[in-house]
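For the record, the sequence lines run as chains A and B. When we follow the numbering used here, the leftmost residue of the first sequence carries the number 1, and every step to the right adds one. When we follow the numbering used here, the leftmost residue of the second sequence carries the number 1001, and every step to the right adds one.
Hints listed in this document are in silico derivations from the structure and should not be mistaken for laboratory results. Keep in mind it's a predicted model, so treat the numbers as computed, not measured. Keep in mind that a hint or two might mislead.
As the list claims (entries may be wrong) - Simulated pairs of lysine to aspartate or glutamate, EDC-like, Cα-Cα distance not exceeding 20 Å:
1. B/K1199 to A/D191
2. B/K1373 to A/D191
3. A/K159 to B/E1109
4. B/K1196 to A/D8
5. A/K351 to B/E1109
6. A/K222 to B/D1355
7. B/K1140 to A/E46
8. A/K222 to B/D1254
9. B/K1140 to A/E348
To be verified - Sample of chain A residues with no beta-carbon within 10 Å of chain B, all distances over it, derived:
10. T92
11. P102
12. A114
13. T117
14. K119
15. A186
16. D248
17. N280
18. E304
19. K307
20. P324
21. M327
22. V359
23. R407
Claimed, not checked - Part of the chain B face toward chain A, derived, beta carbon under 10 Å:
24. G1046
25. V1050
26. I1178
We treat Cβ as the ideally placed atom computed from N, Cα and C, and that holds for glycine.
Each chain, written out:
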Amino acid sequence: MTNAALSDLRVLDLAGEIGVYATKLLADLGADVIRIEHPDGDPLREIGPFWHDEAAADRSLSFLNNNTNKRSITLDIAQPEGRALFEKLVATADVVVETFAPGYLDSIGLGYAALCTIKPDIILTSVTGFGQDGPHAHYRWSDVVGVAMSGMMTLAGDKDDPPNMPVPSQGYTGASIQAAAGTMMAVVHRDNSGEGQHIDVSMQEANSINQETAMQTYDMMKAIRTRTGSRGAIPIDIAGIGVYECTDGQVFSYLGTPGGAPWTAMLDWMNREGMAEDLNDEPYVTLIRKLQLSFLTSLARPDELQKHLDEFGGRVKSVGDLLPLLMHLHQVFGRFCASMSKWTLYEEGQKQRLMFGIVSTPEDLAKNPQLAARGWYQDVQHDHLGATVRYAGPPYRLSETPWSMRRRPPLPGEHNTEVYVQELGVPAGEIERLRAAGVV
Amino acid sequence: MTKQQPLSGIKVADFSWFGAGPICAENLATFGATVVRVESEAHLDGLRSVAPFPPGKTSYNVSGYFNNYNAGKLDLTLNVRTELGMKMARKLIAWCDVFITNHTPRTVESWKMLYEDLVELNPNIIAAYQPMQGFDGPHKYFMGFGAVLTPITGFSYLSGFPNRPPMGIGTNYPDYVINPGHTLVAILAALHHRKKTGKGQRIELAQLESSASPLAPAIMDYTANGRINMRGGNRLPHAAPHGAFRCKDGIWQDKPEDRWIAFGIFNDAEWRALVEAMGSPAWTLDAQYATHAGRKQHEDAIEASLAEWTRERTPEELMLLLQSKGIAAGVVQNARDMLEADEHLKARGYYVYLDHPEAGRNAYDGPPFRMSKTPGELRTPAPLLGQHNEQVCKEILGMSDDEIAEALIEQALY
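The following block holds chain A by itself, in its conformation from the complex:
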């Protein structure tokens, strides 16, 4: 624990779903994160799926993932005696992370100004759907609402379908990541100045930059970028660009784009496997030689296109002649892919600098040889489950202050005695009384 980047920081974790990944990031970098769970139960523990599909407070997989390296106490901060205990904790803390509706903490006497009277340099990070102020500050949020209101959702999916929500819960993930960054920015400022401050994270704003070019497209051109489905901006099937079926799943290929090997290298491979069909004949030889991004973009520019067509020696005079050729190439390539395993296409293709990407299922991720070689997964013994649980590793490696799994995710109130009695010096009998009263 001594060589962790944030080992000198204590964080009080009041975060709900929208912010719990932020406190995980801080805990995994070494901070002493104390998760404060309501005595009636932490709702995050009720979210499935569960370990072995057994719904229990210690088995929610998302809870386990988001609460590595944290301690847990139970406390109802809304009750006066609970608030008093919380204030004792604030006096020892550097950071408080919360995700209540704006104004709630103020209403129970624990807003930023109140916390400052206890610990003047406290950093309070508040994460909500829409931020602490503004006409929608009181709006209720959920992950899909964040994704919708941030402009991301309208860009995803087929135009004939409703807009796609990305795999849940990207709205919360974006908010949490920005919240962790904002918290750390405040820590750095405090290192220099001695002062804390209030960090305000809006899920809507946190995710707005995920619109890629849509915002700028409207601002500059008054055009609205819409969802285009699997083709993206390209209106026809181009061989080697898109999702292709394999024997055991799918790959995404992106051939003919800058930086990768040219399409001729792909043809060589198909020849080695005896699957090139008639692609070694004209006009396919010329087509394949030309099949790269500059040619593809010329399809929309008639003057440039003509120069390309001239190279076919009269066989291809127009885009109308070209399209069936491209379709045939796409189909032959599709048959090649369909005869191979996705892993072979991915790994053997990449070794030849052909831009294949496996369409990973969760199983593929679990078995990914690169992640295995890098030791990304960590197996942690869980006495309460009588089993080992495999966890994903960190998003980054730090050379001096490496990530480590110091402790498994906590059971509810697992550290009540440690924190209240041993650290805060509250008599054990008092804690027992508060427990019976539902405060702890």
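Given the coordinates of chain A, work out where chain B should sit on it, guided by the hints.
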């Protein structure tokens, strides 16, 4: 409010390009760092050539794609494949506190900018690398853009409707928040550690690992339970109904525009609130719908009936109505909504308008989080290519006019 920003005095050498690196570096600039973005005319950032562009303008200084990720930076063109260019790059590295790159391991190795090379010049440097798969491992040299990374990381398989191919999220998604955001957290943690100990360090964010981190529960569902989750459209296991519902069409440029409202019902109280919002039509009073289990079982029918109701109303009207009943609901906004219609974003001043010498006055995404005492600020628009060559050469690299002229002649400043 204090004048000192969190990163005042911090110097950043931004040797990255595209999205994941520059966005992280831009956030450093927003909070006070001096960021020198290093580019080269020999190898232009691809984003400079990608739409959108202001009407009638085509130079590589006016791409909205590039500009949105580079506000607040100084720009230096250096051709590190020339001896003098590399010498100047190394001087910049010696100058900086933080170095960032998302170039491939192959490129970083050829530039001799591995961490062990950098610490010779700058022992306490904080160096952040963002390779696609890592600087070690069997896939170290694998290639790809965001479009290729998204399926590899699992996002494509898990997103969208099950009857459609895994088409991804429509963008190079991990490039904009997940990867630059994680990198920012790591750099700030390293700055904190350096403040305590005086020591810098090496940060490696393998984009595959950073992007897969948010998908950990789905991976765990496989390793713990043997279950391979598949994309579930707009539904959620613990809510029903949940998704995007078609509303009354809008009009845009004289054509109908599809409009949608997004919301979900997470418990019975919310269901009752929805029923009330709809005026308790007969179909909602079916006893089967009173519980989550019942709503889940009949989700198709509920969605169809709901859609008839939403189809007659605008999403703005529905958002207002449902929110007033305590149901989280939001318009599926497009960029026009975000920039022009969203009163909340306007009141909060989220989008920042900056005057760029060639592109004109444009909107930029504002800081991704707000700080009460040291609010971030986008101080300058995106730089022109090589805009600060002379300034950086003189003030940072300490070069004389003659030396600058030599660098131009040798195409090092290129």
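Status of the hints after comparison with the structure:
1. Taken as a hint, the B/K1199 and A/D191 pair is honoured in the structure, with Cα atoms around 15 Å apart against an allowance of 20 Å.
2. The straight-line distance between the Cα atoms of B/K1373 and A/D191 is roughly 14 Å, inside the 20 Å bound, and the hint therefore holds.
3. As the CA atoms of A/K159 and B/E1109 are separated by approximately 43 Å, the hinted pair breaks the 20 Å bound.
4. Among the hinted pairs, B/K1196 with A/D8 is consistent with the structure: their alpha-carbon atoms are about 10 Å apart, no more than 20 Å.
5. A distance of roughly 18 Å separates the Cα atoms of A/K351 and B/E1109; the hinted pair therefore holds under the 20 Å criterion.
6. Of the supplied pair hints, the one linking A/K222 and B/D1355 holds, its CA atoms being roughly 18 Å apart against a limit of 20 Å.
7. For the suggested pair B/K1140 and A/E46, the alpha carbons sit about 39 Å apart, so the restraint of at most 20 Å is broken.
8. Between A/K222 and B/D1254 the alpha-carbon distance is near 14 Å, which keeps this suggested pair within the 20 Å criterion.
9. Restraint check for B/K1140 and A/E348: the C-alpha separation of about 14 Å stays at or below 20 Å, so the hint holds.
10. The beta carbon of A/T92 sits about 19 Å from the closest Cβ of chain B, which is more than 10 Å, so the claim that it is off the interface holds.
11. Against chain B, the non-interface label of A/P102 holds: every CB pair exceeds 10 Å, the least being about 12 Å.
12. Residue placement check: A/A114 keeps its beta carbon more than 10 Å from all beta carbons of chain B (closest about 15 Å).
13. At roughly 16 Å, the least C-beta separation between A/T117 and chain B is larger than 10 Å, which holds for a residue marked as non-interface.
14. Non-interface call for A/K119 relative to chain B: holds, since the shortest CB-CB distance, roughly 15 Å, exceeds 10 Å.
15. Listed as outside the interface, A/A186 is inconsistent with that label: its C-beta sits roughly 6 Å from the nearest C-beta of chain B, within the 10 Å cut-off.
16. Interface exclusion of A/D248 from chain B stands, the closest Cβ pair being 12 Å apart, more than 10 Å.
17. In this structure A/N280 is separated from chain B by more than 10 Å, as the shortest Cβ-Cβ distance comes to about 27 Å.
18. The beta carbon of A/E304 sits about 15 Å from the closest Cβ of chain B, which is more than 10 Å, so the claim that it is off the interface holds.
19. At roughly 20 Å, the least C-beta separation between A/K307 and chain B is larger than 10 Å, which holds for a residue marked as non-interface.
20. No Cβ of chain B approaches the Cβ of A/P324 within 10 Å, the least distance being about 23 Å, so the stated non-interface status holds.
21. A cut-off of 10 Å between C-beta atoms confirms that A/M327 is not in contact with chain B; the least separation is 17 Å.
22. Its closest Cβ contact with chain B, about 4 Å, brings A/V359 to no more than 10 Å, contrary to its assignment away from the interface.
23. Non-interface status of A/R407 relative to chain B is upheld: no Cβ of that chain comes within 10 Å, the nearest being about 17 Å off.
24. This hint holds: B/G1046 has a C-beta 8 Å from the nearest C-beta of chain A, less than the 10 Å allowed.
25. Among the interface hints, the one on B/V1050 holds; its C-beta lies about 7 Å from the nearest C-beta in chain A, closer than the 10 Å criterion.
26. About 6 Å separates the beta-carbon of B/I1178 from the nearest beta-carbon of chain A, less than 10 Å, and the hint is met.
Going down the numbered hints, you'll see the structure goes against 3, 7, 15, 22, while the others check out.
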